[in-house]
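*Asks:* Letter by letter, the chains look like this.
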Amino acid sequence: MNASPTTPFTTIIGLEVHVQLQTRTKLFCGCSTQFGAPPNTHVCPTCLGLPGSLPVMNRQAFALALRAALALNCTIAPTTKWDRKNYFYPDLPKGYQISQFDLPFSSDGHLEVVDPKGAFAPRDVGIIRVHLEEDAGKSMHDEAAGTGDTRIDLNRAGTPLCEIVTQPDLRSPQEARAWLNELKLLLVYLGVSDCNMQEGSLRVDANINLHIPQPDGRIAKTPIVEIKNMNSFRSVERALVYETARQYQEWQETKAEMGSKPKQTRGWDEPAGITRGQRAKEESSDYRYFPEPDLVLVTVDAAQLAAVQSGMTEPPTELRKALESRWKISPYDADVLVNQGRELVGYFEELAGAIGEGKVASNWMQQDVLRTLNERGGTIDAFPVKPAGLADLIRRVTAGDFDTSRAREIFADMVTSGRSAAEVVATLGISAVDDDELLALCHELLAANPKIVADVRGGKEQAAAGLIGQAKKKNANVNPGKVREKCLELIRAMG
Amino acid sequence: MGLLARLALSEAELDTMTAELSNIVGFVSLLAELDTSHVEPLAHPLDTHNVFRDDIPQPSLTTAEALQSAPRHDGECFLVPAVLNESGAA
Amino acid sequence: MQPAELTAIDIVTAVRQGDLTAVQCTQAFLQRIEAHNGSINAFLNVDTAGALATAERIDKRRSQGLPIGPLAGLPVAVKDAICTADQPTTCASKMLAHFRPPYDAEVVARLRAADAVIVGKTNMDEFAMGGSNENSAFGPVRNPWDVTRAPGGSSGGSAACVAADMAPVAIGSDTGGSIRQPAGLCGITGLKPTYGRVSRRGLVAFASSLDQIGPMARSAADCALIMETIAGHDPGDATSLTGGVPRYSTQLDQPLAGVRIGRVPEHFAAGLDPEVARGVEEAFAVFKAAGATVHDIQLPHAKYGVPTYYLIAPCEASSNLARYDGAHYGHRATRRDEEGHRTPRRDEAAHGTTPHTEGAFESPLVEMYCRSRAEGFGPEVKRRIMLGTYALSAGYYDAYYAKALRVRRLIRQDYLDAFEQVDLIGGPVSATAAFKLGEKTNDPLAMYLVDLYTVTANLAGVGGISFPCGFTKSGLPIGFQLQAPALGEGLLLRATDRFQHLTAWHQRRPKSIPSATPAVR
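Residue numbers (numbering that gives the first Met the number 0), protein chains in the order written: chain A, 0 to 494; chain B, 0 to 89; chain C, 0 to 520.
Treat each hint with caution, since some may be false.
[Stated by the list, open to error] Taking lysine to any residue pairs in the SDA-like style, the calculated list, with each CA pair at most 20 Å apart, reads: (1) A:Lys84 <-> C:Lys439; (2) A:Lys84 <-> C:Tyr389; (3) A:Lys80 <-> B:Leu45; (4) C:Lys93 <-> B:Glu39; (5) A:Lys227 <-> A:Gly190; (6) A:Lys80 <-> B:Val24; (7) C:Lys510 <-> C:Ser473; (8) A:Lys84 <-> C:Ser473; (9) C:Lys93 <-> B:Ser68; (10) A:Lys220 <-> A:Glu249; (11) C:Lys302 <-> C:Thr431; (12) C:Lys439 <-> B:Val24.
[Unchecked claim] Covered stretches of chain C (in silico footprint by chain A; criterion: 3 or more residues with CB under 8 Å from a CB of chain A, positions within the stretch not fixed): (13) 95 to 103; (14) 375 to 383; (15) 390 to 401; (16) 481 to 489.
[Claimed, not checked] Away from chain C, derived, C-beta distances all over 10 Å, residues of chain A: (17) Ser52; (18) Leu53; (19) Phe87; (20) Lys93; (21) Ala118; (22) Asp293.
Calculated directly from the structure, the hints in this document are not laboratory data.
Don't be surprised by glycine CBs; every beta carbon is placed ideally from N, CA and C.
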């Protein structure tokens, strides 16, 4: 948020995101990247850092990274190199990480986030760089065993990672969360990563400080804090909210400004809902970067870029706009659909095409298909009702064969039984109730419910609702709306 | 510098090494007399580019093989002295 | 015939034709090893059982009429920096004293596929850092020509075992001269191929942009035989060259008419021993008599070779050796007991190596790293790690490492320019013949200068070969080096082979090699 009379400061947020690329094998060796394997079963001399081992770059990893960078509107370097980042840690078996330092393969991009409900103005977030590097293994501290040992599992070591570093362009925790959702959506759409924070395929660190306008016109800037250990997008938002308040309070107490102390790292504690300062490292992190001698340069020419670009499917931003204009649905509706993924969008478009109308299709998608999907689980590809079948149902409603609530019952049956609308209708003995039948039924109801009639005549029209349940019991095919309407008409006619 | 290189050196070693390194550094500083302002660094003697491998899984080592030279392990993982991880998480 | 006196080519021919069995060949060399390794200390591990089993399998296949490989029955010694899954791979370091790799190096896999018999792993300077094989944690190697002298390094064990006929061929590695210089001091032939010609996969890395594996044998013809097996593209090594491998053996023994050999006058400056200089000039004369022409050329930046090398190599090494931290393999220092006391080990008390920072480590993990590495590495390795760490550190990178990379380009350009005028460059491989053990160990800089003539080939990535061209009055070998443009090993082998048809220096053997004196530790 920007400084204003009610908010005395501007929040400045930048994000550093690490995304595991969706390759079958690791970045420098042929070990599987499949999640959840028993410890140290997906390892080989290369990712173990054994003496004499050598790395060879995974073609697909570079291709996916290129795809991500292009979708983030980055400039792609015609020549890129790899560098060693040297430091000692047990989950880093070589004692260095192969990464990119001064010549990353891409830089200077941006990704915009828009809130369809307008909670914040559209924010176009600059991206400083996207580079490719290998992941480290996992270290697990075994408190229970009480031995004071840490267990090291190197299955993850060598997994390809894209590091995405934004400009400090975000202005609120809500924006940050929304932007992360947008990034995730984009990368999932592109098939670059499944961005699953629970499985560790997406990790976020946030940098935040405050700009506080001073009475003399100067802007005081609080020291930048890096926040780590956030395990979900919601955690990111919560942590940033907490940290904003904490920094402002600290400012009021100490007036400490940026530069007065080194950049601080704080860890987010989800259960406690606070950030904690982490022990400052005693030595400076001098990574002694130098060019990786075991890997040769990678060049990318215009032809390759064009090929990658043309092979890419529509990213979410364009897809939303396309749906809005193609099917005349609202930005909100387009957003909901796109957020569900490409397959569901495909279903929607088929459905809308079949019935020739967007809004109704969108409503059915959101209120019925999605709700059912969430209850049942499973994917849209495996959904028992195909677009053609649902389109048929909707056409019958439009034709007046039955009302929407009846249609929902039929739909539910179609889902569980897998039968077509026609079959379900026939089985349930659904048929239109003609006018004579309706009239006769209403007369019956009125005769059987003198109290309700009296109430309605006394001015309580809503009492008529009590007739609907009885009507349905007598004839399940009646349209409740028509029953109410007819009954009221008859009662009024009574004078 | 010893800590950066993770080498514990005794007093005696430190003294000897400091003297030796001074000599060596003095020796290699000979390079400073060359004007290389218009010369690009040569990190690789080769001119090859774009060497890749296909994204096809290859057999991994067994866990036993991976741990066979480990100074300490528990059959599944390598064991090292407790890493004081600030966040306490993996 | 005595297998131990045969060339490699003779051995494989004899086995193929059935005149000798693989077992006979292997046994002959195993006997030589048993007789002389005690006094030479060329081998760190001898795999008697494994070698004989392999030989038996080869003999059995041959007797059944099944195909056998081009090196069938040939005993080969492998430098202990190269991974062998069935034998320890120690790099002559306490750090890896008990290390068994779970895989074979590419070169080893190819040798096995060709049915070579790997008899054992040879001694070397620790982690390939040294020029005399005195930096081994398991005792120095002695020069078979004079056991009070060094064989050169770092592939001292490989050179000595061939010189003493403990193996017909050996595999070495060369980062700044580590094949060529010991070959020169031991009177054998050693080839450092063009960078990337032979896969580095499985070679424990010292300096990745400089390391190369190569053959060491009694002759260029034998080296050519080995090169046909070990050279060639390996998709597991991103720096390995694509392109076919010539049949080097078929390109030997050709006239040298028209071949232009460069001679660098600066090589004959004050530091070059006069006997060596004479031997080298005589070799030029032999080449001239063989039809080649000799031309004086310049390598203007050659004098910067050693300082450039002694920046780039330690920098890369400091990173390559970071993995030796006691965490996943290799030596790990023992934990202190609960009270935090630790009895200094006897050698620590004797040599004053008790860490002065006792108790001052920021965590048990850092302590493990620091002590494991302090205990596992010898002094030269530590020196280079410190130097490399320093030269890469913030604030020094540009002045040291980056500067060295620029000078490297100038050195490579010197070669490119020179090879416009000549086809080969000839000269000394070492300023002196074999020096006494202990002569240079107190002065690291003096030791670095033994690489004077060899480092520039590694920096430029070109190939070089060394072979004997004479002997000093005291009977020590004098080595000659030829260097060629990239992918010029064919010409190197051809020119050397021609020289070896016109001379007999390479056929001389040490008069007597002591047997079974206790190894020096």
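*Asks:* Of all the hints given earlier, name the ones this structure violates by number, lowest first.
*Replies:* 1, 4, 5, 6, 8, 14, 16, 17, 18, 19, 20, 22
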